[in-house]
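Note that the protein sequences, when read in sequence, are chains A and B.
Just so it is clear: in the first sequence, position 20 is 20 by our numbering, and no numbers are missing.
Just so it is clear: in the second sequence, position 14 is 14 by our numbering, and no numbers are missing.
Calculated lysine-lysine pairs in the DSS-like style (CA-CA distance at most 25 Å, straight line):
#1 B:K569 with B:K531
#2 B:K184 with A:K2
#3 A:K116 with B:K873
#4 B:K378 with B:K417
#5 A:K83 with A:K68
#6 B:K195 with A:K22
#7 A:K68 with B:K846
Calculated Cβ distances over 10 Å to all of chain A for the following chain B residues:
#8 L154
#9 A380
#10 N462
#11 A470
#12 E479
#13 K670
In case anyone wonders, no lab produced these hints; they're calculated from the structure.
For each residue, glycine too, the CB sits at the ideal point set by N, CA and C.
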Amino acid sequence: MKILIVDDELISRKAMEKIFIKFGECRIAESGASAEVEFQQALNENQVFQLVVLDISMEDKSGLDVLKSLRSMEAEKKLEQNKRAKIFMATGNREMQMVKSCVTAGCNDYILKPLKPEVVIKKLADIGIRPVGEG
Amino acid sequence: MKSILTLKKLPMNDIDDLFEDTKKTEKELRAFLKLLGSQLPGFAFRIITTDGKSYGDEGADMVIPAQHKDLIQTARNSSTMVRVPGDPSFSPGLLFIPELNVSLLLFPAGSVIAAEDLLTRAVRLSVELFQTLDNLQEERIHIQTKENQLNRQLRVLQQKNYQILEENQKQQSDYARRLKSEIKRQTAELRITNKELIKARQEAEAASQAKSDFLANMSHEIRTPLNGIIGMTEIALDSSVNANLKGLLSTILTEAESLLGLINDILDFSKIEAGKLELETLAFDLREVMDEFCEAMALSAQMKDLEFISYLPPECPSRLLGDPHRLKQILVNLAGNAVKFTSQGEIKITAELMEETPDRAVLRFIVSDTGIGIPEEKQAKVFEMFSQVDSSTTREYGGTGLGTTISKQLVELMDGKIGLESTTGEGTTFWFEIPFTKQTPIPSVRSISSPERLQALILDSNPTVRGVLASYFTALGVEAMSANALDQAVKILEEAHSRGEPFPLVLIADHYWQGDEKKLLLSALKTDQKKSPLLGLLSPKNRLVENGADIGLIWQQVYKPVTLKDLEKLIQKTAQKQLPQKAAIAPETSPAISPPQQPLQVLLAEDYPTNQKVALGHLTKAGFAVTVADNGAQAVEACRRRTFDLILMDIQMPVMDGYMATKAIRELEKTNGKKQTPIIALTAHAIKGYREHCLQKGMDDFITKPFKRDTLLAIINKWGSRPEHETDVPHSLEKHSREPEHRLQAELGTLQETGLVLPPLLPTSTETIDLKELNEIWDNDKEAIINAFSDFFGKSQSMLTDIQTAITTADTDKLDRCAHKFKGAMLYFAAPHATELAYQLEMMGKNKDLNSAGATFVALVRACEEFQICARKIQQDLGAGSEPNETQ
Chain A
1 MKILIVDDEL
11 ISRKAMEKIF
21 IKFGECRIAE
31 SGASAEVEFQ
41 QALNENQVFQ
51 LVVLDISMED
61 KSGLDVLKSL
71 RSMEAEKKLE
81 QNKRAKIFMA
91 TGNREMQMVK
101 SCVTAGCNDY
111 ILKPLKPEVV
121 IKKLADIGIR
131 PVGEG
Chain B
1 MKSILTLKKL
11 PMNDIDDLFE
21 DTKKTEKELR
31 AFLKLLGSQL
41 PGFAFRIITT
51 DGKSYGDEGA
61 DMVIPAQHKD
71 LIQTARNSST
81 MVRVPGDPSF
91 SPGLLFIPEL
101 NVSLLLFPAG
111 SVIAAEDLLT
121 RAVRLSVELF
131 QTLDNLQEER
141 IHIQTKENQL
151 NRQLRVLQQK
161 NYQILEENQK
171 QQSDYARRLK
181 SEIKRQTAEL
191 RITNKELIKA
201 RQEAEAASQA
211 KSDFLANMSH
221 EIRTPLNGII
231 GMTEIALDSS
241 VNANLKGLLS
251 TILTEAESLL
261 GLINDILDFS
271 KIEAGKLELE
281 TLAFDLREVM
291 DEFCEAMALS
301 AQMKDLEFIS
311 YLPPECPSRL
321 LGDPHRLKQI
331 LVNLAGNAVK
341 FTSQGEIKIT
351 AELMEETPDR
361 AVLRFIVSDT
371 GIGIPEEKQA
381 KVFEMFSQVD
391 SSTTREYGGT
401 GLGTTISKQL
411 VELMDGKIGL
421 ESTTGEGTTF
431 WFEIPFTKQT
441 PIPSVRSISS
451 PERLQALILD
461 SNPTVRGVLA
471 SYFTALGVEA
481 MSANALDQAV
491 KILEEAHSRG
501 EPFPLVLIAD
511 HYWQGDEKKL
521 LLSALKTDQK
531 KSPLLGLLSP
541 KNRLVENGAD
551 IGLIWQQVYK
561 PVTLKDLEKL
571 IQKTAQKQLP
581 QKAAIAPETS
591 PAISPPQQPL
601 QVLLAEDYPT
611 NQKVALGHLT
621 KAGFAVTVAD
631 NGAQAVEACR
641 RRTFDLILMD
651 IQMPVMDGYM
661 ATKAIRELEK
671 TNGKKQTPII
681 ALTAHAIKGY
691 REHCLQKGMD
701 DFITKPFKRD
711 TLLAIINKWG
721 SRPEHETDVP
731 HSLEKHSREP
741 EHRLQAELGT
751 LQETGLVLPP
761 LLPTSTETID
771 LKELNEIWDN
781 DKEAIINAFS
791 DFFGKSQSML
801 TDIQTAITTA
811 DTDKLDRCAH
821 KFKGAMLYFA
831 APHATELAYQ
841 LEMMGKNKDL
851 NSAGATFVAL
861 VRACEEFQIC
871 ARKIQQDLGA
881 GSEPNETQ
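Just chain B, same shape as in the assembly:
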């Protein structure tokens, strides 16, 4: 039993079940009998259960007598086999089997007799075997069940797994779907946001544009009264005798002028910001520009006792195409800063040739000072908007901080670059590089007719000054020696004298020209009475070398910075030895206003009262007889009554504007057979192309308001004096006869040099703009037409300039393309005449034949002019007639 229990390893209730089973099932008992039969083949068996039933071999049944019931009980109480009484050779044994709760009858088969205990053991073993088998069976069933259970569990789990997977998949696809729609939604949102952003940006740009425009307009509006203040102050200064008052007035003047400077800066800045600043392409002489600029700038540096040096290498190409005014503006900005931030030392303006091809030259301009410098961490910010090094700088040195920003923008507009190097406390060097187109070269002969080779001596303590002068001298074919100290100079002079070759030209910085030093120098210079040199005393503009007249030497004050031209003049003087007896040339105090013999008759047509007063003040003060007209009509009327020597004509006037008035006056002159009176336009803005415009309108010259006294008087001097004075006028503009065509041709500059003759202007086309066609092209959209015209007005001048440049530089490819472009615009404006001319120019470019390009260009300019008038009229007509319900 024990072993069975351990074998089964079943829980207790299972054992109980087993007993229950053994009691009941006949099937099991029969199985047990079968087992016994196979284990003990010599016997027959019969089982008697407690409830009296018996199973087993048939023969055995008969031998159980009823009286043997007691015997069964005996067997039950005994653990051993009980013999059934009877034939001992055939007596069956009775054995109780507690495991099955039955009694077993054993019949020996045949004559087999076995020992009882042996038999008992065999039976018991069989029982044990049976039970073990049974248990095994049980266990197998149990295991089977378990297996089934496990299988079921597995299936369930598998199913669960499938479900989960399915769920997962579903979730995933759900998620993907959601993600997709989310992306879709967000994309849509983004698109909307983008649209909004674009709209916002456009609005912001429009607002910024509006602000820039406003700023530009305001600045302009501010300038007009400010001009009045400056003008009136100048007049007051001139007429005041009270020294106190003069002091006050000149302060007002200085303040007003610096205010004007600021406003100009702001105006420029806002123009650049609004993309409205257009550069001109003019033929100019760089050396002249540099000299002019340095002359203006030097004084402010020299007032602070700074050395001011300018140097343009003699070999540097000087006849260039570009915008000289803007170039000057950059130089003024940078040099102005240099002067402002330097208290001792020198300001140096130089140019270097970086690159040169036959038609281009890249120049680097360098403005260096020995001022306070810019800390390294602030250097990057210098070109940013509205930044001075710090706000305290603004307090100490003033200014808007716009100068460098504007300079950078201008340089970039010119396709150049700008930069700076600086060490705090040592100084700053600004540089910028600009590529220029060179003018078509004309053979230039720089003829310095020095019969013998000249020698010159330079005495100056500043090495840069010596270097610049030496370089210029070399270029002019003069052998120059330099001395950096007095004794050295004296020694050189004496040696030259002893060689018998005294210097014919000696330049000495004026600070050596006093006291003992002066005496030493004088004696060295005067050793040879017959061959005394020409002495040039180098001085700042603000210092007059006074004690010279008595020295018995021919001398001249030479202002610093010394230019190549100054030296040329000195050399000529030296070479010709035609030195005037009284050589001291005093600096002029103010521009020479030669008072006319008979007062010049000037007509002033100007409607703005302050401008009127200012001009009137300046003119009468200068001794001119002035007649004032408040508008164009009055001006024409005045001309009808009498003749003037000169007319100053404002452009924008009420009743009749300056152009109309000029036209009327010119017609008047023609009818009366009178010669043309010079008419000077007074314009409010120096817009690009304005000059050409004025010239085409029959005017002779123009000045920009606000005009200063000096500019006003200078231009009157130029035109008021008779035309015979033309010879020494340097610029081309004034030289030409007053026929508009000729002037235009003059404007073409180099074209004229190629010997072009203008054909008569083409007859005005019958129809400048074909309205029907125009409407067809623009689908009757009035607004679009008006806008397109305005767009074109903004572009036309630069397009024409491009064509002109192409012609003057003989760039046929460029002409082809620029003319094509122009033609494109004209086509869309249905302007057949202008289209035709542009087409002709395009073909000339294609065929590389520029023979009549100049003439055609002039015709195109005129056609364009006509076009603009016509277009403006159409604009007005459309603008006036556009009712909301009419459009569409």
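Isolated chain A, as found in the complex:
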């Protein structure tokens, strides 16, 4: 599975990578803009990301803006629904207002920061994604 982790803060990136590496190949984007580039490239090469973990706010762009542009890229490519990425917003517990907008804009779920391995594993199991090597 291809996973895209998007956060402009070093420690968050490291922590998330550590968690998601168990689920597949992780690509790291250090800004909203580079996440968009990475995602578009994957689309062009038909090697789409199955999972995107997206910080809700970054220095260059908000997570919401990035989310919207990722979804419109998929739409433009006429990607079938079941091939579109699962996008999880990484968010603080007091950013719920923002999360609502994200849900409207097409994110699949949100995970509270700080992401913890246990929580992530559970959340992903809910949508049928399991760590590599566990079927």
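Chain A is fixed; fit chain B onto it per the hints.
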């Protein structure tokens, strides 16, 4: 026969076969009879073969008598028809047909009688026809056979063709399959190679990183003893009377200093290479930076008799945010090169305003010289690593060639660009452009209180110098005239005098101030005894205008390059007309060290023996009473016993480090109700944020090792004299009371200007880092936690600076995002208090309400400090307790 042969066109053996056939087959003979019957309907026929058999019409059989056998022989020997004796009206003819090797009996049917020869011919024709038909038949068969053969061949060929096609197809698919698997294999190989390459690259990067680190460490290690050499040499120079020895010592000093310069270059370079060089964002005054830099640089140019000019346009915004030290470093590098490669002419340092918005300004700095120039083909290489124009240049002019490379890297770190233009033999112009953020403007009133409009005259042969001075004068509201030659100046002075408006201020380049020229000028200046002007003599720093005292004029030596500030002072003097009687101001020989009335009591806490000796030497020489402590504990002990006026505190010391010692001393002072002694930190590296760190730790100021005598004495002068001297200290740092909170607030600079009042610090949270949560987040991975902390330590300062800049520039969007980012890190470190503060700042940014942002930021800085201490402890605990079998 002939015609048949030609008709048949068959090979000879075929003809033989044909004869064989005619002999044998009854079937053929009967066919021949049939033919005869149809050709000659009036006759009956019978054929008699050589072996006595006969075929033909029944009636004919009877008429062949046995005795006629001789007759057959006769016919055989004759070519014509032989009559069978008997009834002549019914006598049959006998004719031998050689083609068929038979004899033919002809019976006239009924009463038909025909002439023999006619009959013979008819028969022969029939034979011929028969044969032709036969041959045709043969030929048809033959052709049929041929056709069959050809068909067979065709089929075979077709089959072959199919086979070949099939084979081809098979080969092709084989090939495709092989190709596919080959591609697969090669892809796999490539993948492995790629992996190896990536690994190799990582290894190479790691190695390069290690080398850079090593280089940085080594350079630092080298600097310490080198500092010792420089310090000891300075002391030796001061105490030596032997002129010879002094010469030797000053050579050692110069050499050691240039070695130090090289090492600093290398250190900078390796830092930049390792990505470890971080720029500061400080509020600074560009004009001050330029003036300081030019003052330092001018002398080296003037020693070579070069004109040194600096010009910052008066309208250029000067209060900026950025890294003034690095900016100065770039200027020093470029100007240093300019001086190095120029033997006559001028060095010009100017700045231009390229772009300006309310909060940003892009400035272009230009360093031009009239030196040897750089050949066009070498120009591109100037900014490359380790390249001087050629190696012979290194021999002739020295240097590492790193200066321009470092400058380029620094400029790029500042988001700027750099370039050069040069003509061999004419000179070189380096330029670089840097975008700066402007400081929040405070209404500045440049008040030059000149009651009447002033006029000034400038006499200098260098047009650039005249231009710069005129521009500054105009900005200061002074009407300036320029003269480029002596007679012109004299003429202007005389005209002004005759108009009754003599110049109150006259600036003259000092090389006119000798001999006849001086006399001419003097007489022109002194025509009006009552209204004599203020005379400024422009000179390089290394030239003392001596013969001035006796001229009966109020005059002053003005060092080049002349700054806006210099002119301001001159104008004030002129305007106030409060000129001191003895106006000749001699240049100071060395920084003023006012010997204290009672020797200042200094405590020196420093463990490195050479540094100790150097500092001790400088301090005692300057007349201070010095007590030495080898470590922090000794320092605290010394403070317990007595009071000092000033403490110099090394940070890294054995037993007890500088921070701990400071803390203990501050507590001691508190308990005893004593006032706080100024503590100056001696730090090994000017790491970004170090000053803040020292200030937070309760220290008052810091100097970077290796310290030179002048810096050391200057800082002692600043702090050793009583706090009442504060008034004329230009920078904010020193002015503030010694409460740490206030100092911190002072560090916030412009924040204070907005009138913020700090709330009391939030109580220290009970738990800086929630260990349980931390372990949960990082899955109990000790190594990951230790690394994450280290990563954060490298970033925290710049993240905090970003937040601070956002607050000081009132950029709420930026505050929102930067605080969010900081919060992110704090969340992953399970640091609730710092998270909360960062969150508050983030919300302030979102709500665009910065009312308490300053206070919250200060609290965040403090929380971050606590966090770091706590994190370091955790790092240590984890590091110490990690057994291999425990991890996982």
